[in-house]
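Generate coordinates for the entire structure from the input sequences, incorporating the hints supplied.
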Amino acid sequence: MNSSLAAVAETDFQPFTDLDTGLQRKVLSVRNLTKAYHAQHKVLDGISFDLHAGEMVGVIGRSGAGKSTLLHVLNGTHSASGGEILSYPEVGMPHDVSKLKGRSLNAWRSQCGMIFQDFCLVPRLDVLTNVLLGRLSQTSTLKSLFKIFPAADRARAIALLEWMNMLPHALQRAENLSGGQMQRVAICRALMQNPGILLADEPVASLDPKNTQRIMDVLREISEQGISVMVNLHSVELVKA
1 MNSSLAAVAE TDFQPFTDLD TGLQRKVLSV RNLTKAYHAQ HKVLDGISFD LHAGEMVGVI
61 GRSGAGKSTL LHVLNGTHSA SGGEILSYPE VGMPHDVSKL KGRSLNAWRS QCGMIFQDFC
121 LVPRLDVLTN VLLGRLSQTS TLKSLFKIFP AADRARAIAL LEWMNMLPHA LQRAENLSGG
181 QMQRVAICRA LMQNPGILLA DEPVASLDPK NTQRIMDVLR EISEQGISVM VNLHSVELVK
241 A
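Per UniProt numbering, residue 1 is the first one in the sequence shown, and the count goes up by one each step.
Do not rely on the hints blindly, as some may be mistaken.
[Claimed, not checked] Pairs of lysine to aspartate or glutamate residues, derived as DMTMM-like cross-links and limited to a Cα-Cα distance of at most 25 Å, are as follows:
1) Lys42 - Glu202
2) Lys26 - Asp45
3) Lys26 - Glu224
4) Lys26 - Glu221
5) Lys99 - Asp50
6) Lys42 - Glu84
7) Lys26 - Asp50
8) Lys210 - Asp153
9) Lys143 - Asp153
10) Lys147 - Asp126
11) Lys147 - Glu162
12) Lys99 - Asp45
13) Lys26 - Glu84
14) Lys26 - Asp96
15) Lys210 - Glu221
16) Lys210 - Glu224
17) Lys210 - Glu237
18) Lys143 - Glu175
19) Lys101 - Glu90
20) Lys101 - Glu84
21) Lys210 - Asp118
22) Lys42 - Asp96
23) Lys147 - Glu175
24) Lys101 - Asp50
25) Lys26 - Glu90
26) Lys99 - Glu84
27) Lys42 - Glu90
28) Lys26 - Asp217
29) Lys101 - Asp45
30) Lys143 - Asp126
31) Lys147 - Asp118
[Claimed, not checked] Quick list of simulated restraints, FRET-style, between CB atoms:
32) Lys101 - His38: 19 to 27 Å
33) Asp45 - Ser235: 21 to 29 Å
34) Gln40 - Gln225: 38 to 46 Å
35) Val122 - Lys99: 27 to 35 Å
These are computed hints drawn from the structure, not numbers from a lab. Glycine included, every Cβ here is placed at the ideal spot set by N, Cα and C.
Rendered as structure tokens:
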């Protein structure tokens, strides 16, 4: 699967995708997207781009330029003020996810996973349970409170941890992990959702160079498996690497 990672100038934030996408299927089309706070302050203003299956896209911009806001609007955790976010399923017609509500919105969030700079793990829970929390949308609240998950979900969580070289830490509390280990667990949790798109908000900003390279390699490998990856980065050099 073809994978491209590109960036734009730090001074003017906008997403950028490789035009040479071959036969890749379009999964997302953003048109004239805006997000404004207090009516006048526009964080996003007329953003337009396409995202294709298996494509890896880097977003570079100065602090406060709206990179995180963009990902949250795409995921549906923040509402858009205007424009369209068209999702193209493998079967059926495209639909505007910015108009979704209730269960339909929750279903979209499962399809559009996120990882964060601060990992967002539950510190006192063990690694395996943190990964299994990625299936919360498909598990009843009562069962999740008692850590009752289907055998198939447990098997997948274990397989993901093994792939990420984190299986030896499966029963260790998340609070005892290093930053790089926490981010690998967070990626496993996001992949438990079986997303078609993975949004990564500054995933390496808190990591040392060795772990930074490791996480970037993992994100590239994920895109090669056909999952579209959009990653906010703080350094142009990371994009060029």
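Hint by hint, here is what the structure shows:
1. Lys42 - Glu202: Distance of about 21 Å is within 25 Å: holds.
2. Lys26 - Asp45: Measuring from Cα to Cα gives roughly 23 Å; hence the hint holds.
3. Lys26 - Glu224: 15 Å, holds
4. Lys26 - Glu221: 19 Å, holds
5. Lys99 - Asp50: Given pair Lys99, Asp50 holds - Cα atoms ~18 Å apart, limit 25 Å.
6. Lys42 - Glu84: Judged against 25 Å, a Cα distance of about 16 Å means the pair holds.
7. Lys26 - Asp50: 7 Å, holds
8. Lys210 - Asp153: Cα-Cα ~31 Å, so violated.
9. Lys143 - Asp153: The given pair, whose Cα atoms are some 13 Å apart, holds under the 25 Å limit.
10. Lys147 - Asp126: 11 Å, holds
11. Lys147 - Glu162: Holds: Lys147 and Glu162 sit about 20 Å apart, inside 25 Å.
12. Lys99 - Asp45: The hint holds at about 18 Å.
13. Lys26 - Glu84: The given pair, whose Cα atoms are some 15 Å apart, holds under the 25 Å limit.
14. Lys26 - Asp96: 14 Å, holds
15. Lys210 - Glu221: Answer holds: Lys210 to Glu221 is near 17 Å, not above 25 Å.
16. Lys210 - Glu224: It holds: about 21 Å lies between the C-alpha atoms, which stays within 25 Å.
17. Lys210 - Glu237: Given pair Lys210, Glu237 holds - Cα atoms ~14 Å apart, limit 25 Å.
18. Lys143 - Glu175: The hint holds at about 23 Å.
19. Lys101 - Glu90: Holds. Lys101 to Glu90 sits at ~21 Å (cutoff 25 Å).
20. Lys101 - Glu84: Holds - the C-alpha atoms of Glu84 and Lys101 are around 15 Å apart, at most 25 Å.
21. Lys210 - Asp118: This hinted pair holds, its Cα atoms lying about 18 Å apart.
22. Lys42 - Asp96: OK: Lys42 and Asp96 at ~21 Å, within 25 Å.
23. Lys147 - Glu175: It holds: about 18 Å lies between the C-alpha atoms, which stays within 25 Å.
24. Lys101 - Asp50: 23 Å, holds
25. Lys26 - Glu90: 9 Å, holds
26. Lys99 - Glu84: At roughly 9 Å apart (the allowed maximum being 25 Å), Glu84 and Lys99 satisfy the hint.
27. Lys42 - Glu90: 33 Å, violated
28. Lys26 - Asp217: 23 Å, holds
29. Lys101 - Asp45: Between Lys101 and Asp45 the Cα gap is close to 23 Å, so the pair holds against 25 Å.
30. Lys143 - Asp126: 17 Å, holds
31. Lys147 - Asp118: 24 Å, holds
32. Lys101 - His38: 19 to 27 Å: Once the Cβ atoms are compared, 23 Å apart, the range 19 to 27 Å for His38 and Lys101 holds.
33. Asp45 - Ser235: 21 to 29 Å: At 24 Å between Cβs, range holds.
34. Gln40 - Gln225: 38 to 46 Å: 43 Å, holds
35. Val122 - Lys99: 27 to 35 Å: 32 Å, holds
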